[in-house]
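Colleague: Letter by letter, the chains look like this.
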Amino acid sequence: MDGLLFWHRFQFGFTATFHYLFPQLTMGLALLILVFKGLALYRGEERFNEAARFWIRIFGLTFGVGVVTGIPLEFQFGTNWARFSRDAGGVIGQTLAMEGMFAFFLESTFLGLLVWGEKKLGPRLHAAAALALFLGSWLSGYFIVATNAFMQHPVGHRVLADGTLGLEHFGAFLFNPWALVQYAHTMTGAVVTGAFVVAAVGAFWTLQGIHGAQARLYLKAGVLAGFIGACAAAFPTGDLQGKQVARHQPVALAAMEGRWQSGRYAEVNLIGQPDVARQRLDNPVRLPGVLSFIAYGSFSSDVKGLDDFPRDTWPTELELLYYGFHIMVGLGTLFIGLMGLAALLLWKGRLERARPLLWCLMLAFPFPFIANSAGWMVAELGRQPWLVFGLLRTASGTSALVHPGQTVFTTLGFAGLYLVLGLLYLFLVAREVANGPEAH
Amino acid sequence: MEMLWFWMVSVVVALYAVMDGFDFGAGALHLFVARDDRERREVLAAIGPLWDGNEVWLLAGGGLLFLGFPRVLAAGFSGFYLAMFMVIWTLIIRGISIEFRSHVADRLWRAFWDGAFALASALMPVLLGAALGNVVRGVPLDGSGFFNIPLFTHWGVGNPVGILDWYTLLTGLLVLATLTAHGALFLAWKTSGAVHRRCMAAARPLWAVVAVLALAATFATARVNPDVYARLPHAPLAWAGMALFLAGLGTVAAGLAKGRPLAAFLGSGAFIVGLLAATAACVWPVMLRSTLDPAFSLDAHNANAGAYGLRTGLRWWVLAFPIVIAYFAMLFRIHRGKVEAAADGEGY
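Chains as they are written, first to last, in the working numbering: chain A, 1 to 440; chain B, 1 to 348.
Any given hint could be a false lead.
Unchecked claim - Derived lysine to aspartate or glutamate pairs resembling EDC-like cross-links, with alpha carbons at most 20 Å apart:
{"#": "1", "chain 1": "A", "residue 1": "Lys-119", "chain 2": "B", "residue 2": "Glu-340"}
{"#": "2", "chain 1": "A", "residue 1": "Lys-120", "chain 2": "B", "residue 2": "Glu-340"}
{"#": "3", "chain 1": "A", "residue 1": "Lys-243", "chain 2": "A", "residue 2": "Asp-302"}
If you are wondering where the hints come from, they were derived from the structure by calculation, not from laboratory data.
What you are looking at is a predicted structure, and each value in this text was computed from that prediction instead of being measured.
Assemble the whole structure, with the sequences as input and the hints as a guide.
Modeller: So this is what it looks like as structure tokens:
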């Protein structure tokens, strides 16, 4: 990979991964805030309003960082991927422009009202603002996933005489089957993140023995949402996503599983290190037949290996893709176990006294962020070496006239800026948690 | 159809300039017109609930340009590579300085973010103005449809051009002065007491500077790109734009003289829209002018995304646009009247 291509890819990957740490939390929290506001209206208890207020403060901080780190991504389509923008902009520009008009205005308008307007709006309208914020942030997620889905599985377009892509069927493009499945999986991931963070704060306060009622509420809400979300992330959404990859990107599936040879009764590799030079998986622990079953619904189906595909269509960062996939699936399984146990104890009324489990819940909050980032890496690395799968190579999408030095410089600029931004964000969230729900 | 899209993009750009313009101006000015923490919270209460939505017009405009004219976006963004990253970083610093300031009640913490907010708010108009100057002057687009120019060369407007030269610096300063004056009127409208008085006092000299710079830029444009004025006789919209910005200037003067900040603020909005409309009408259909050969210029005819895409985009846009306008009407209505400094912890 030449230097320019490497730095363009590194910069976009880095800034997109950093950005996505924030919206996955806000999308998850938006749902929980809506639930709190709904319960406040329905049950008329102030503790739900108090919880909503606390999480709106965290939401505001997270949203602020999410917005400012999202702006660069939209710019980078033009600055770093100019030939891709020229060739595919007529298609994916639709969803990106729709995100601005339909989702961003909704979010920014109603976040302002949610933060500034509790007294001015009254309880009903304030709850309606929470609903609008939820719709805005989840709609925004859909437009982004639909944009990405076109790059994974292009539909609704036409290749024009000059080689660029034009839109032909708007409906097919907007409701790309790939987008629907990927959206469901991405959103359950976001709910898991929000739930783990809420549960972690509840566990932290419970362990400290402070803010009793609020701590109990967060713990309960976080564990319930976390258990449902973690299960839904695996089945049906993760399962559907896996089948979809098997169907449309079989070469990516082979790479994700470190599978070189085709064959029936394909095994799932629980662990093992891919050795690309020798084309094999070292030290594997395998479950025979399971991959065939997951991918095609029958233990005896044939699953293709990498050898069946031309070498120049193999995903370029095979090891990273393999490990990313296994980290995602491994963590997802742990989440179901952890939240399942917590939900069981919650049901029995023993969760608050189960200190070791509370410690686990408190310390587990970073892991959904890791799992979701790994998931995005799997989606994006699995698509390589294509920018638009089967249509446009990544190497042909860069800004050809931009000097590598410029890209190195701007990448370092982002690294410095994001380091400071991340530390400040953590400092401010930690302060809010330390101040507790009644602060201000 | 491409003419409609050219104007849709122009309208959104103008809305961005007017809307985010007043909070840029308020930010650039607030160190001078608001002297203590209570006064600065008053300024933030005036723009706090609005600036986030204002900024979305930039993303909406970018999205529409991407949809309608992908070649223009691809060429422009990669061509102005370093300047684009200055815009990105400035927007990041501005956004977090408003967001982070309120969370810690410490004097130094707040002074730091106030300073960062003021600097970023002043830099953005210069960058946007320089961008406008580059579009009017033209860029070295070649047959490939791309270019890449350095930040500056010899400060001259001839080849090889840089992003900054004496002309684009002039347009940058014009936009800085205009948006600062625009922001002063917005704050004068929304605040009372000392901040209100200082804003009214600042607006007069600022508008005098705007008038001088606007006149200078008008003459300079004739030197840099005579084609702009060559189109004047065939562009009725340009005359309408000029009438609008002169009327706006008159309204500003009258509003200031009679002490009516809202009228003056509306006048300054009309001034900005008129100026941009006149510019857009004069350059139509060219979107990125090539300084090498007119044949290489990207215009609304040779750079659009195709009839089906434009038609589809228009269909949902006419649905979305009134909704967005309704949000803004609601926001301004809920936050109508003079603001008070927010109590610590509420809002910003």
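Colleague: Given the hinted pair Lys-119(A) and Glu-340(B), is their alpha-carbon gap at most 20 Å?
Modeller: holds, 15 Å
Colleague: Keeping to a limit of 20 Å between CA atoms, is the pair of Lys-243(A) and Asp-302(A) held or broken?
Modeller: holds, 13 Å
Colleague: Against the 20 Å threshold, does the CA-CA distance of Lys-120(A) and Glu-340(B) hold or violate the hint?
Modeller: holds, 14 Å
Going down the numbered hints, you'll see the structure goes against none, and every one checks out.
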